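As given, the protein sequences belong to chains D and V, one line each in that order. First residue of the first sequence? That's 1 in the working numbering, and the numbers climb one at a time after it. First residue of the second sequence? That's 1 in the working numbering, and the numbers climb one at a time after it.
By construction, these hints were calculated from the structure, which means they are not laboratory data. Be aware that a few hints might be false.
As the list claims (entries may be wrong) - DEER-style ranges, computed between Cβ atoms: (1) V:22 to D:124: 24 to 34 Å; (2) V:70 to D:54: 20 to 30 Å; (3) V:107 to D:124: 49 to 59 Å; (4) D:136 to V:22: 30 to 40 Å; (5) D:136 to V:110: 48 to 58 Å; (6) V:60 to D:57: 23 to 33 Å; (7) D:16 to V:60: 43 to 53 Å; (8) V:69 to D:102: 33 to 43 Å; (9) D:73 to V:47: 22 to 32 Å.
Small disclaimer: the values here were computed from a predicted structure and weren't measured. Ideal Cβ positions, reconstructed from N, Cα and C, are used throughout, including at glycine.
Listed below, chain by chain, are the residues.
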Amino acid sequence: MKVVEELASREQAARELLARYVRVVDDPDRIEEWPDLFAEEADYRVVTRENLQAGLPVCVVCDDSKERIVDRVTVIREFWGAGGRLEDRHYNQIQPRHVVGPVWTEPQDDGTVRVVANFVVWGTPAAEPNPRLLALGEYRDVVIFTDRGPRFRSKWVVLDTPVLQDVFVYPL
Amino acid sequence: MIFRTNWKLYVENIYDGYHVTALHTGFQLVRLRSHGGQRLVPNYERHGHLWGQSRSTRREELQPVLRDMSLFDVRTKPTTDHTMMVVFPSGVVTDYFDTLQLRYVLPLAVDQTLIEFTFFARADDPEEVVQHRVRQGPAVLGPAGAITLEDAAALARVQMSSLARGDNVVLKGTPKRFPPYRHVDEAPIRHFYQAYRRLIGVPEEEGKP
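Chain D extracted, bound-state conformation:
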């Protein structure tokens, strides 16, 4: 049936968007592409499960507008000097690695697709033998279908830990 095919292809497109997201956030040279994965009205947050369950509004990261999402790239490149000269950085380069899955997709009546996925983010610092656990938890995303294709209307990174394990430079 056409409706079923359409739903299935929307779910598949949402999964592909998430896969593209992971490719971008794992590549320190491609962080400028990160804002393009979001719709014009977008909401990216990193929150703790603890705060979410307690109904507390404070987030670890609250990029609740496209402007803030674009600003994050400025913070990463200009404030923190990521990928730039050693003299402008205070830390060794770190290679992020997201491990995502399983992924659950739920098409909604309004045409969007809700996506939930487990995730772990590791970081391997330059010149160190051991990777570090940066974050662990669950993505809760909403994908909408724009004329540019599927985009994140919202992406909530829900951390299982009540505190951050380490600093992180690139988006989770």
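Please arrange chain V on chain D, whose structure you already have, making use of the hints.
This is chain V only, laid out in the frame that chain D set:
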């Protein structure tokens, strides 16, 4: 957030005003200056508490490097005065921009410290002020805040250097030995360690500051 540093180095970083304009690139880029003010260590012969106040550049005069400059906005106070305090030995109290914050310093190991960040609003704040505080506080002074990563990286390196063998001498000249200090004098740090040595019962040495 878990910092890779001894708790005293984290606290020392609050006593130190010298690093602020040198280390926090974000402040330089938006041209946020802290004008004047001072750092005090009240009753320094007996206590190690820190009190520091300064006044920062108004948001309208900053370079609009970010699209959302509300990070540096002050809407809830009549001036841009800001205050940092430490209730010795480790109670960090911050009133900066529109952010009211406590930080709890919880040592986990000799080289690991858990810092819990809590943010506050006033009971009579209208909803849009609460939202502004929610959007500002963690973005600048939170565990993933614009200025936090630089402190964490620097503190991790200083912690590593504490393992250097032999004598380690840290020296920065200051024309003053007693408060009040300017923000660039690192001297408040000395008072922290003097108070800490008193606390743990290290006998005072004749002639040593």
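Going down the list of hints, with the structure as the test:
{"no.": "1", "hint": "V:22 to D:124: 24 to 34 Å", "result": "holds, 29 Å"}
{"no.": "2", "hint": "V:70 to D:54: 20 to 30 Å", "result": "holds, 25 Å"}
{"no.": "3", "hint": "V:107 to D:124: 49 to 59 Å", "result": "violated, 27 Å"}
{"no.": "4", "hint": "D:136 to V:22: 30 to 40 Å", "result": "holds, 34 Å"}
{"no.": "5", "hint": "D:136 to V:110: 48 to 58 Å", "result": "violated, 25 Å"}
{"no.": "6", "hint": "V:60 to D:57: 23 to 33 Å", "result": "holds, 27 Å"}
{"no.": "7", "hint": "D:16 to V:60: 43 to 53 Å", "result": "holds, 44 Å"}
{"no.": "8", "hint": "V:69 to D:102: 33 to 43 Å", "result": "holds, 40 Å"}
{"no.": "9", "hint": "D:73 to V:47: 22 to 32 Å", "result": "violated, 45 Å"}
Hints 3, 5 and 9, counting from the list given before, are not met by this structure.
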